[in-house]
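Visitor: Just so we're aligned, residue -16 is where the sequence shown starts under the working numbering, counting upward by one.
Calculated from the structure, these hints are not laboratory results.
The beta-carbon is built from N, C-alpha and C at its ideal position, and this holds for glycine as well.
List time: in silico DSS-like cross-link candidates among lysine-lysine, alpha-carbon distance up to 27 Å:
{"id": "1", "residue 1": "153", "residue 2": "24"}
{"id": "2", "residue 1": "70", "residue 2": "47"}
{"id": "3", "residue 1": "47", "residue 2": "153"}
{"id": "4", "residue 1": "70", "residue 2": "24"}
{"id": "5", "residue 1": "153", "residue 2": "143"}
{"id": "6", "residue 1": "143", "residue 2": "47"}
{"id": "7", "residue 1": "24", "residue 2": "47"}
Distance windows between CB atoms, simulated:
{"id": "8", "residue 1": "183", "residue 2": "101", "range": "18 to 26 Å"}
{"id": "9", "residue 1": "46", "residue 2": "190", "range": "20 to 28 Å"}
{"id": "10", "residue 1": "137", "residue 2": "16", "range": "33 to 41 Å"}
{"id": "11", "residue 1": "154", "residue 2": "67", "range": "12 to 20 Å"}
{"id": "12", "residue 1": "131", "residue 2": "22", "range": "13 to 21 Å"}
{"id": "13", "residue 1": "78", "residue 2": "144", "range": "34 to 42 Å"}
{"id": "14", "residue 1": "64", "residue 2": "147", "range": "41 to 49 Å"}
{"id": "15", "residue 1": "148", "residue 2": "105", "range": "17 to 25 Å"}
{"id": "16", "residue 1": "162", "residue 2": "91", "range": "24 to 32 Å"}
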Amino acid sequence: MKQIKSCMSMSPFSIIAILLVGLSGCGSMEPLPSDTFYRIKIATPAVSGSNSAQWTEKMVRVAKFRGTGVHRERAIAYSGDDQLVVKQHRYHLWVDSPEHILQNELVSYLRAAGVSPAVSTSALSNEGLEIRVQIHQMDHVVVTNGASAVIALAFEVVRKNSGEPLVLGKDYRESRSLSSSDMGAVAVAMSDAVGTIFERFVADATTALLH
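Assemble the whole structure, with the sequences as input and the hints as a guide.
Guide: What follows is the structure, given as structure tokens:
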């Protein structure tokens, strides 16, 4: 009751002064960081459309990459020493989900490598080859004495309408040490790691299909 009486005894000018002080305190709060978006940029393959590298005369379809949990979302994932707990950077995001980014990058890579007259994401034919990829890891790994970018992808090459459809099934993992905590450096390192995995995959698939 005493508190209520003291508030009632305050003049309107005192109450206004208190409100103004509170509002000025709110105005001094720092604004939230803005979102920053990152791309994966893969270098053009060394092999360029030679007939010796062509896998098939039919279409090659790259199916949508499959990711679990955080790797289906746009926020860049990060993990710690044991890589068991995975979290997300709140204001650092890919321009699209990793599933779509990596699918489109692989299509562009295979077209540049000349593995087929047609490489697409569309299921336009029941013949040819289909590539299926699972994203196991695409993490910014932060440890006590540094950080790295880790990519782990599992590839399958399937020959459609065949009695023995599986041509190649293989897991690939690449990591890159980071000398900077800048997220742009993380995107560059992941791009390089993905590019190396694509290069290794194309070499293995070429061997499996042509030899």
